[in-house]
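Q: Take a look at the letters that make up each chain.
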Amino acid sequence: MTATFALIGAAAGSYVLRIAFVTLIDVERLPDAVREALRYVGPAVTAAIVVTSLAHGEGRAGLHLSAAQVTGLLAAAVTAWRTGSLLWALGAAMGSFTLVGLLL
Amino acid sequence: MSTLVRERPDHRDAPAAPAPPTTTPSPTRAAGARAGLRDMVPVTVAIIPFAMVLGVTIDASVVPDLVGAVMAPVLYAGSANFAAISVVDAGGTALTAAFTALVVNVRFTMYGAALAHRFRDQPRWFRWLGPWFIIDQTFALSSARAEPDPAWFRAYWFAAAGLIGIVFTAMAVVGILLGPIVPSGIGLEFTVPAMFVALGVSQVRDRPALAAAVAGASVTALALDLPHGLGLLAGAVAGATTGAVARRMS
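As they're listed, the protein sequences go chains U and C.
Just so you know, we're using the working numbering here: the first sequence kicks off at 4 and counts up by one.
Just so you know, we're using the working numbering here: the second sequence kicks off at -12 and counts up by one.
These are computed hints drawn from the structure, not numbers from a lab.
Mixed in with the good hints there might be a few duds.
[Said to hold, decoys possible] Pair ranges (Cβ atoms, derived):
1. Leu24/C to Val81/U: 21 to 31 Å
2. Gly65/U to Ala17/C: 41 to 51 Å
3. Leu102/U to Asp136/C: 29 to 39 Å
4. Thr101/U to Asp212/C: 22 to 32 Å
5. Thr80/C to Leu105/U: 39 to 49 Å
This one's a predicted model, so the numbers in the text were calculated from it and none came from an experiment.
Here a beta-carbon is modelled for each residue, glycine too, at the ideal position from N, C-alpha and C.
Work the whole structure out from these sequences, hints included.
A: And the structure:
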């Protein structure tokens, strides 16, 4: 039942977050400082998710990057930057991650 | 992304006929749906491994497979899915798991704020239903589109959101089914950080955004040992604040 209640709570809460500034609150009423900070939530959270997904829920002890992971992440970043394609970036990341993993 | 060419019906040679039923898609809506599908196809292909890893994770966790499968379309947010499952699997309470998912999803408030003008002239039902499908991918694609027609945007939004939602759920179910036979250690889970790195690069459009990303990652790494996923929230707040400060300084 824990998972079911977690799902209901997460889905309902996420819906409120999604409609907050679309349907419930006029975004123009927020203080300027908050609106400025909101602009950068996207890159800040995305970078934070990269870190937590590498740690696999094991805290700082789980954050040890292998050479294959570092190569794969760099390949993803460079390919996304040069091509603007998520698909190419993912292919480059997985290709270099697998190759370096096999070589080392 | 391809440029939209609005199609217009030619009625010059049309015989007198009763008005078409209202269920017939208008050219504007059909064009919007086509554009939504076209834009979302590569993004959807990219999330297939991510969805399968989610399915394998559900299968290996204490979360019942059925609840995990329902979670994908209902929560409609892959990374929050992962976060909630990891908390439940580690013995956390439902409240903690839901809170952790909300921390991960708090960025949707910003996405909603940025897309508010696209919803302003829409029918009431769409202003309540449409935001359900706000995720990184729908936000990134639709904010790059300048088409102002409300009907076009509705069709675009539902087509793009529907495609990624259906494929994500289907692949998560495939992951759940294949979980017992997928060998561990093949590195499929690496698609998750790799995809977010690529998404992050697309979000870094100026120096303040780069500062936000660096600060967000650094503070999260330092705060990883905080309980209840608070490290991610700390990183998000620190990163967003750093971005705003950097913008003022520049």
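Q: Honestly, do Leu102/U and Asp136/C meet the 29 to 39 Å range at C-beta?
A: With Cβ atoms ~47 Å apart, the hint is violated.
Q: Taking the Cβ atom of Thr80/C and the Cβ atom of Leu105/U, is their distance within the range 39 to 49 Å?
A: With Cβ atoms ~42 Å apart, the hint holds.
Q: Would you say the C-beta atoms of Leu24/C and Val81/U sit inside 21 to 31 Å of each other?
A: Since Leu24/C and Val81/U have Cβ atoms about 29 Å apart, the given range 21 to 31 Å holds.
Q: Does the Cβ distance between Gly65/U and Ala17/C fall inside 41 to 51 Å?
A: With Cβ atoms ~49 Å apart, the hint holds.
Q: Using the C-beta atoms of Thr101/U and Asp212/C, is the stated range 22 to 32 Å upheld?
A: holds, 31 Å
Against the hints set out earlier in the document, a violation occurs for number 3 only.
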